[in-house]
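Peer 1: Given chain W, put chain S in place with the hints provided.
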Amino acid sequence: MTELLEPRAMGQGLVRRDGVAKVRGTATYAFETPAERPAHCALVQATVARGRVTAIDTAAAEALDGVLAVVTVFTAERLASVEDAELAALQTAEVAFRGQVVGLVLAETSETAREAADLVEVTYDEQPHDSELRADRDDLYTPEKVNPGFETDTAEGDVAAAMATAHATVDHTYSTATYHNNPLEPHATTALWDPAGDGFLTLWDSTQGVHPSRATVCQVLGLPQDHVQVVAPHVGGGFGSKGTPHVNVVLAAMAARVLPGRAVKLALTRQQMFSLAGYRTPTIQHVQVAADAEGRLSAIAIDVVEQTSKVKEFAEQTGVPTRMMYASPNRRTTHRLAALDLPVNSWMRAPGECPGMFGPEVALDELAHDLGIDPVELRIRNEPEVDPETGKPWSSRHLVECLREGAERFGWTGRDPRPGVRREGGWLVGTGVASSVYPTMRMADSTALIRFEAGRYAVEIGAADIGTGTWTTLPQIAADALDVPVDDVEVRIGDTRYPIASVAGGSSGLNTWGSAVVEAARAFRGEYGTDPADGDEMETGVDQAAQDEDHAAYAFGAQFVEARVDADTGEIRVPRHLGVFAAGRIVNPRTARSQFVGAMTMGLSMALHENSLLDPRSGHVVNHDLAEYHISVNADVGDLQAHWLDEHDPWVNAMGTKGIGEIGITGAAAAVANAVWHATGVRVRDLPITLDALLPSLP
Amino acid sequence: MLLAAPRFALPETVGEALSALAERPDAVVVAGGTEVMPDLLWRVRTAAGFVSLRRVGALRGTSRDGDELVVGAGTPVAALVDAEAGALAAAARSLGTPLVRTEATIGGNVVSALPYRNMLPALLALDARLELTSDTGRRTVAFDGFTTAPGVTRLGEGELLTAVRLPTRPCFSDYVKIGRRNAQYVATVSAAVVSRNGAVRLAFGNAGPVPLRSDAVDVVATALLDGRAGPDDLRAAVADAVDPPEDTVASAAYRRHALGVLATRLVVRAQVDAGLGS
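Keeping their order, the protein sequence lines are chains W and S. Under the numbering used here, the first sequence has 614 at position 614, and the numbering climbs by one with no breaks. Under the numbering used here, the second sequence has 164 at position 164, and the numbering climbs by one with no breaks.
Chain W extracted, bound-state conformation (with noise of 0.2 Å):
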């Protein structure tokens, strides 16, 4: 167990330190690094999903006025390691997926790059292509892991037997759609190559963790640690594609490289976010569930289907939260890969648990209604004592709190269980309600340094705010480990120059960078006391030695939603979303409200919105813009609420957060989904709901 910090700065809603900056545009992000007569760097996209580039004629593009450089597959630097094959930029010339870059141009301004990038006249040899995802394709494959390093299939009893003898069963095929990330910041860069000695390289990044970025940047460009530096300040927004650096910031450097001793700036188009900075997988999801008539499990399965890029490959854990969210003694989950000729997916917010609360969420709602017991019950009632896959205790589990608060919150109790029985004027009302579950994680690597300087602490750790509010809510952990105002505690982060942090993922910062803070200030006031000298200063990484393994530690939470459906065109309004959610202490409220409602929101969107639509015959995202990529705007969000439990958990870590970024996503779509049945009576088990799929069955 470890020794709680007692809050004082934590718990505060203390405004955003940087919130002045931003709301004035003076906060740096990477493309605005000021830079000396810069040159703008614009990518040649593969215009084939399959094949090989047989010639490039580069001719017009160097002819026109003001380009400085023109590099293609044929004439890249070789890189160190092509070891990851979605980093290898520009190193080979076979095409394996429409949109991979094949070439860059260097020009003066970025409308003569991209012109010239027009100019360039690629020749290809094309393959025919495999794009389609389907559940009955023969060449599905099973994944020796699934993201992070999770086992692919596991299985306990037998839910076969359980579902021929239970009294009652759902057995159903839910899907989702493939969602981009799509952060409000572009993928951008400034790079700069300075040619003294051996050379160093500066990047001014969007990164959701310079360590981590430099790592690897490190290990494709062949390049010491020290000899490579990433900044970055300010961050418009990650949602897992900036977790790991995708080929945009190896092309920088490469084209850095190219300009010596001058800067160079690539930011991603909208557009091209769809084909390389990664996305989410779409997920087919077989449910299987059985239960007795009292609504107690005796199975829960889930058999998952779903997408890699052939190029490298990206597992998502769909399965994984059916594995212990609920009390069940037949259990299991598969997952199955198609791989194919498309980009590569990745992390987006909540990589598993997302996708993977929707089905088994909206087929609980199922069990529930032919059942004729609450939905909010049901869940209750398959409350596990311990965790169901390993045995091991849970840290803190307050799912059912979360549930009966929010039933209260909500106005749940006394719900008319019918389905598509409520009409107000030409709408049919309804409300649904679904579980929420993230687990709690934290990182190996963090060390932070406290130094005493001019009568405040300074804290300095590579860390990164993406939006989370990092700048604000590490001096409050800070503070409080050094039991001092919080005013007088100064952070510095998202720089290389500073003690190493780990990935601003999994919703693990905050307990990793806080760790870290905390052992280096009890360190610092074992060694200096509270009287230190100017100058005194402390490095210390985080314990992972007294990282608790004995317990399962999760963030749980319920979301309710109201949803109304017009009678006459299917039109789907969200009037209310209310969550509650057990989430270890809350360092701050005003920057955890606004994480949780943003994840809601955008779980809103997955139900009703998003929706990356491929045309299998090109390969190609064809709505790869936002003007219709569809993502829930602002009057689509009616009475939307955030609530938290007053949770403490000794085991996770000596703030005793869980960690916030994620888990408000999921559920939500499966709340969105029940909620609509429920106005409607019809049960869309395919995301997004839209309109004329519920059209024809309204009553």
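Zero decoy hints are in this set.
If you want the ones that stay clear, here's a sample from chain S, every Cβ over 10 Å from chain W, calculated:
#1 G86
#2 R138
#3 G158
#4 G227
To spell it out: a stretch of chain W is covered by chain S in this simulated footprint if at least three of its residues, at any positions, have a beta carbon under 8 Å from a beta carbon of chain S; those stretches are:
#5 605-617
#6 691-698
Just so you know, the hints here were simulated from the structure itself, not pulled from any lab data. It should be emphasised that the depicted structure is a prediction, and the values quoted were computed from it without experimental measurement. Don't be surprised by glycine CBs; every beta carbon is placed ideally from N, CA and C.
Peer 2: Leaving out everything else, chain S in the frame of chain W:
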């Protein structure tokens, strides 16, 4: 270069604009740029040159001419959100975002001529006329029939759309659209109504390749207004008259159905306005 000076004209009067166009017959005329600029950036349109109307002050603003409201073709949509004609105001209010409405012009909406454009059903229902100006003078044509195919109009070579003329005779008018989102979306389908002296005129967006209206529909709509026909009659008439597209947003069947719903809703609103319904 994208905007090399010889290919780019920035006239300040209608006369200069016509001259600029005569010198660059292949140029694209740009007003607010909300369609042209994304097209250029996305490389779905190329242009041999541009004539920008942004500085032609005479094309902006509204005035009265007898019993017509004259809306300069360069008037931004944002200036129409409180227009007296309810259909015009509702179509303007639900177009894009505030930023887009500030830049997009009514003339651009008309000349881009895509069947889902917001303003088009409103103009068709209101029986708008278009003022077309060229070196040889000015002609006025009905908006009905101006669009001949998606993106194609009867605008002649060297001719500019300079104003949209709308009758100011009192009427009830309104506009509705359906989409998947609650704001900032292209109409899956849309409809506009004008009800004047007991006669109803309906017009539809994304109901076919061009903005669409039908005498047969209006006969039934008028009958519905005064109780001689029922909603099902109007829905059937609309279903017969329209030929909506099928795409990834919605099926043709959905659109056909929804157009009937919108038509009925608008006539019911007209009934309420006329004191005929509740």
